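There are 2 protein chains.
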Amino acid sequence: MAPGIASFLDGEVKKRSSQSCPLLFAASDSDADQLWFSRFFVPDPFVSFAVGGKKIGVLNALEIARGRKESALDDVLPLDEWRERAKKQYRASKPGMAEIIALLAREHGITRFRVGPGFPLGLARQLEKRRLVIEVAEGGLFPERERKSAEEAEHIRKGNRCSAAGLRAAEKVLRAAAIRNGRLLYDGKPLTSERLKEEIEIACLRAGAVSSHTIAAGGDQACDPHCSGSGPLRANELIIVDVFPRVTATGYYGDMTRTFLKGKPTDAQRDLVETVREAQARALKEVKAGASANKIHNGVVDHFNSRGYETKTGGDVPVGFFHGTGHGLGMEVHEAPRLSKGAGKLKSGQVVTVEPGLYYPGLGAARIEDVAWVRPDGCELLSSYPYRWVIR
Amino acid sequence: MAPGIASFLDGEVKKRSSQSCPLLFAASDSDADQLWFSRFFVPDPFVSFAVGGKKIGVLNALEIARGRKESALDDVLPLDEWRERAKKQYRASKPGMAEIIALLAREHGITRFRVGPGFPLGLARQLEKRRLVIEVAEGGLFPERERKSAEEAEHIRKGNRCSAAGLRAAEKVLRAAAIRNGRLLYDGKPLTSERLKEEIEIACLRAGAVSSHTIAAGGDQACDPHCSGSGPLRANELIIVDVFPRVTATGYYGDMTRTFLKGKPTDAQRDLVETVREAQARALKEVKAGASANKIHNGVVDHFNSRGYETKTGGDVPVGFFHGTGHGLGMEVHEAPRLSKGAGKLKSGQVVTVEPGLYYPGLGAARIEDVAWVRPDGCELLSSYPYRWVIR
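Chains as they are written, first to last, in our numbering: chain W, 390 to 781; chain A, 390 to 781.
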């Protein structure tokens, strides 16, 4: 998987190994650095490190055959064997991971490791007791992960095809739904957020991705941007559908949002949605290498202010536009960089969502989200779905 | 959600706050301690801590309303406000999480925090620079998480109902499949592991859970216990189906495995499956509070040896029985305790899988997995699905 990335990484690893060697202890199912480094899925934490341009993993009997077959690791060492060796070396009846790593370091001539800020504190302290130097790479262990190759952009595009499949399923259900006393009926039963999410997630599965925590929230529920929605959906209310599935084969995410309304919008609803779409289109035009992410975000803020959409965050329930304009997307659904207040300059290869939103309890909420690959002279959209939003 | 647990925790928190206060910085979507503590889903890391019997969370504008409504936190503080205060306090234009936590500690009279072994090293070092003492709770921040209440057992039972829905879907597809030249055809097209997993995962979704990394592997592929399976499935081969979905509403997992065969088994296949089932039944009989997990595991090892099923782990591909007999299950799919070599005594309330397996390339593999709730006088099964395995 992704040989282009692996060789790019190899270069990085070679360049740095004279200083300190990257060390990881995490499950690649859940840790993006570990997945990026090893390129195969393991449910439990395992040790990996790089030395002399080689990527080495230490795997238990359960994972070792698959590690040799599927992973991007150059060398796979059997954990059991190294545990036995650590037992003798340190005369410990039950050597822990720290003893095993200390022995691996000794045998590979390593005295300093470089780890990500999220490296487990407990293990770090034990390694320090074994006189290893543990440096924290404050900007992340693999900051190069931010800049996506063409192959990675393709994986994210695939993720967004899955998101789009989810949006299509949602639109189809809303289109087929009947309006009865202001509520929506689908297949003769009340259409709830839960049912809509189920159809979206099934569509994602059929497209090759797993979607968790999908959002399909209507009316005032949608005014809480991370509320996933529950209970009956209503006619003539704005419904935010936000789908961020993870592609099963690669671990890359898609992330797209559309706002729908079944029935007939009011002028205020129409103005809200159109203002959000305008803000998004303007922001997308500004995305390119060297552009200030802070400025792009402030452009959205100014646009909303100029249209009279006020933001207030002091009270119990914030209103207006009170989240960032976007975030990096890759093997994590939220990763560097951010498009928000105080953020720096965009770099070529970064992949960011652009997702302004407006939230006003009583009126409802709108958010529209696409994904852009930052290029030297602009950006390439990695997501595609129509912006029609009124469903009769 | 789960008020019983919350009040149990409150007791724990109260008892300990004279010593050091638990501190977390993690996303509850992915970190079980944070989910257990806060009882609501947040996609990004956030700070939470307990002091004076109160659970406190520090949430950004995006999460704050939901935190007040949905979480088990007693107090929800706005991150933005505390960032502003830290800015003034430390005269930092961009105060980090460490400055915010240091200020929170000061205002709450805290000088020592207790964290889990997985607490992020980078943040811990920054807190130490701010002269906070960070103790690592080596046995885990909330070791009480191992012992499940009746309510939690019910959540896990629900997870296993979702697993069973997946197994039922798999069995239904296999039953409906036709055999053509040794391969399986379903709906006129070759039945692949991928198609079978899709049907399983859709059934899980319909039942209320998200299943990732589902295993549906046949023949020699299944001899690698974590190989999820790919390509066409064949008649007369053993097919391992392992389904561990996470219940969307609660975050608890189910985890069940059955081994199927479509067609006609050989005597060797029959003996393999029956031996695994016997081993499992024997192990389940021994599960109770005070029983040695090591002994239960060794019982399985001995049973297999006595039946002539040899285990070899030295070579490239391990054969026989080379994984643990089981693992704890809860808000993590693999958590404490383990049922394996060197493991300690079981405690009442723990929830463990019991899943012996045998793996022999050429012959195939069998694994059968159920979930047991450890009780003082035995165990209560939290999973239920028939053991029939030959599908004509």
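For the record, the hints were derived by calculation from the structure and aren't laboratory data.
Please read all numbers here as calculations on a predicted model, not as lab measurements.
Take these hints with a grain of salt, some might be off.
Any copy will do: because identical chains look the same in the list, a pair fits if it lies in one copy or spans two.
[What the hints assert, rightly or not] The calculated DSSO-like cross-link candidates involving lysine-lysine, where the alpha carbons are at most 27 Å apart (straight line), are:
no. : residue 1 : residue 2
1   : Lys-701   : Lys-483
2   : Lys-701   : Lys-561
3   : Lys-476   : Lys-518
4   : Lys-677   : Lys-578
5   : Lys-578   : Lys-547
6   : Lys-730   : Lys-476
7   : Lys-730   : Lys-684
8   : Lys-477   : Lys-578
9   : Lys-701   : Lys-736
10  : Lys-730   : Lys-674
11  : Lys-578   : Lys-653
12  : Lys-730   : Lys-677
13  : Lys-476   : Lys-684
14  : Lys-674   : Lys-443
15  : Lys-547   : Lys-684
16  : Lys-736   : Lys-547
17  : Lys-653   : Lys-476
18  : Lys-653   : Lys-677
19  : Lys-561   : Lys-547
20  : Lys-674   : Lys-547
Query raised in the report: Is the C-alpha distance from Lys-674 to Lys-547 at most 27 Å within one copy, between copies, in both cases, or in neither?
Result: This pair counts as within: shortest intra-copy Cα distance 23 Å, inter-copy 48 Å.
Report task. Could you place Lys-653 and Lys-476 in one of the four classes (within, between, both, neither) given a Cα distance threshold of 27 Å? Result -> Neither. Shortest intra-copy (72 Å) and inter-copy (47 Å) distances fail the 27 Å Cα cut-off.
Requested in this report: Tell me, please, which holds for Lys-561 and Lys-547 at an alpha-carbon limit of 27 Å: within, between, both or neither?
Outcome: Intra 21 Å, inter 30 Å, cutoff 27 Å: intra-copy only.
Query raised in the report: Within a copy, between copies, both or neither: where do Lys-477 and Lys-578 come within 27 Å Cα-Cα?
Result: neither (67 Å within a copy, 55 Å between copies)
**Report entry** Homomeric proximity label, Lys-674 with Lys-443: Cα distance no greater than 27 Å
**Finding:** Answer is neither: 41 Å inside a copy and 48 Å across each miss the 27 Å cutoff.
Report task. Could you figure out if Lys-701 and Lys-736 sit no more than 27 Å apart (CA to CA) within one copy, between two copies, both or neither? Result -> neither (32 Å within a copy, 51 Å between copies)
Requested in this report: Indicate which option fits the pair Lys-578, Lys-653 if close means a Cα-Cα distance not exceeding 27 Å: within, between, both or neither.
Outcome: within (21 Å within a copy, 44 Å between copies)
Report task. Please work out whether the CA atoms of Lys-653 and Lys-677 approach to 27 Å or closer within one copy, between two copies, in both situations, or in neither? Result -> Classified as neither: same-chain Cα gap 37 Å, cross-chain 61 Å, threshold 27 Å.
Requested in this report: State whether the alpha carbon distance between Lys-476 and Lys-518 is at most 27 Å within one copy, between copies, both, or neither.
Outcome: within (17 Å within a copy, 35 Å between copies)
**Report entry** Intra- versus inter-copy proximity for Lys-578 and Lys-677 (alpha-carbon distance at most 27 Å)
**Finding:** For Lys-677 and Lys-578, the Cα distance exceeds 27 Å both inside one copy (47 Å) and across copies (46 Å).
Query raised in the report: For Lys-701 vs Lys-561, is the C-alpha pair at or below 27 Å within one copy, between two copies, both, or neither?
Result: Neither way: Lys-701 and Lys-561 sit 35 Å apart in one copy and 54 Å across, limit 27 Å.
Report task. State whether the alpha carbon distance between Lys-476 and Lys-684 is at most 27 Å within one copy, between copies, both, or neither. Result -> between (57 Å within a copy, 22 Å between copies)
Of the hints listed earlier, those the structure fails to meet are numbers 2, 4, 8, 9, 14, 15, 17, 18, in rising order.
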